[in-house]
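One line per chain: the protein sequences are A and B, in this order. Letter by letter, the first sequence follows residues 1 to 319 of the numbering used here. Letter by letter, the second sequence follows residues 1 to 319 of the numbering used here.
Worth double-checking, as some hints may not be accurate.
The list makes no distinction among identical chains, and a pair is therefore deemed to hold if it is satisfied within one copy or across any two copies.
[Said to hold, decoys possible] Derived pair list, reagent style BS3-like, types lysine-lysine, alpha-carbon separation capped at 30 Å:
hint, residue 1, residue 2
1, LYS148, LYS275
2, LYS205, LYS263
3, LYS205, LYS232
4, LYS275, LYS149
5, LYS67, LYS252
6, LYS308, LYS193
7, LYS149, LYS252
8, LYS70, LYS148
9, LYS313, LYS193
10, LYS233, LYS308
11, LYS183, LYS46
12, LYS269, LYS205
13, LYS294, LYS148
14, LYS41, LYS9
15, LYS89, LYS301
16, LYS183, LYS275
17, LYS220, LYS263
18, LYS45, LYS143
19, LYS220, LYS205
Don't read these hints as lab results, they were simulated from the structure.
There are 2 protein chains.
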Amino acid sequence: MMRMNNIIKAIMGSDNFIITSHYSPDGDNLGSSIGLYYGLKKLNKKVIFVLDDTLPKNLSFLYEDIKIYKSEEIDIDDYILISLDCGDKDRLCCSEEIKKNCKMLINIDHHKSNDNYGDLNYVDFEASSTCEIIYDLLNNIDKKIIDKKIGNCLYTGLITDTGNFMYSNTNSSSFIMASNLLKLEIDKENIIKNLYQNNPLNYVKILGDTLNTLEVIEEKIATIDLTCEMFKKNAISFNDADGFVNYARDIKGVEVGILFKQKESNLVKVSLRSKSYVDVSEIARKFGGGGHIKASGCTIKNSLENVKEMVIKEVLEHV
Amino acid sequence: MMRMNNIIKAIMGSDNFIITSHYSPDGDNLGSSIGLYYGLKKLNKKVIFVLDDTLPKNLSFLYEDIKIYKSEEIDIDDYILISLDCGDKDRLCCSEEIKKNCKMLINIDHHKSNDNYGDLNYVDFEASSTCEIIYDLLNNIDKKIIDKKIGNCLYTGLITDTGNFMYSNTNSSSFIMASNLLKLEIDKENIIKNLYQNNPLNYVKILGDTLNTLEVIEEKIATIDLTCEMFKKNAISFNDADGFVNYARDIKGVEVGILFKQKESNLVKVSLRSKSYVDVSEIARKFGGGGHIKASGCTIKNSLENVKEMVIKEVLEHV
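I would like the entire structure built from these sequences, with the hints used as guidance.
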């Protein structure tokens, strides 16, 4: 609580803020950033949100009303830089100049790997999401500050980072937060529609092609492939075919699900998911990757065929 | 509240109970039945759960510790019959004799179509689930009665009937209930694993085949097919390939998703889902079916080809 109070004091005692987050922005990242942005605006602060990356279209409902700046567009001084949902200062999605020139860096995050790189740090890896921390922070500043607009942002981060309350990071407090946000009459239906009912046609088509490659090995391992050919056939880009690996893991009896995603003829991204007892981060590390115990990945320079053989051989040692 | 108090009085003043629910048991149905079963046991009541149907295997974690009776196995009198999660007395999944011989019928449900067929009725169609009503009922009897075991049952019904808190029936109170159940250290991970990470291999294969049939008509309608041939090829039964229609609806720009599921060469089950403005129950009714505004269905005796033509023509009038 003292850590949070120090951050509140710093916020209340200053006028100019730049908010930023990590590369490849996701729901929690944009939700917490834009939620805090609106909160600071309501406190009559000057605040700029900077993000030197492209933004996911399915989250455009969050940012259509605000200007998101690129680093080169801004020229202010005497500002506090607030970093949200980013475990690593090097991954902060703004220029080195902005990082260097701030009068203070406040680091608010829920990633276990965060090394407290800020001048003030609030890193709670038991929080479901950075949005849950921002919810507490704003409530601690003023119980009435969170309105429907801020609520929409925070709810988006909460449900994307908890997988609709399915992941194990879902806390009792996450549900209290959700309950209170619903009372603000947030646009829950619209959020759900934007997040989950808005798939590009070719996304569904390439999912079909991917599932047709399904193979089960010794009943414990399930693999699916996404080849360069499939990307070409379905006119969909590498980054837009995401989240398929769960279909492999979620098969009865399967412990490890693997997606082999071919980026180039000799470059394959491997996603590994386990259900109960296999530490897939250990497997990913053997191939130069990493991640979490039940969700990891690595990228291997070799043919799809060879990569599959190597990885499956390794996974077989663990199931 | 008076209605609930009358039910509580009736429960506290009696010793013998039979609990039953509707045919084709689902998560809310079994969750509320078994949750109340354990609750009544803790109140030292004699209680029997009767269900004259086969039970879904993915919910076996709920019922593996209790005996579920068939109507013909029981022979008691002076009992109260409690009907849970069933909108229609004719769909109650026990014998006519059991219905006829009870000294009182208590009807607890959340379906809008429920016609209050009980001697005592608690029908709240604003409740997310019957489990949410049982949660309130048990808490009103004794704040300490709900333990981890009962919590597992009630949480299962809550998340299956709200689609992991995504459907519009999710209330602020649903989240409070979820928050309180998490405090009881329910087996959330295990519930999620059983419900969503336990698909038969052939289920995933036939999903792939189904997605390969995807067609989009005038950018507003998406159709997918499940043919007799696919069922045969993938060795999966008609009832076990469920829930695919959402893949059609959840495409960007699509308003109506349709699944054509061929039961016999001349018999097709049609599932219709809309996203925003089309009342698909109206369309289903034209073909002798019915359902909800955004989720309806009908079964048509004709070839797959003809059924598709007829239904698409009708849907085109509405988009």
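Checklist entry - Hint by hint, which ones does the structure fall short of? => result none
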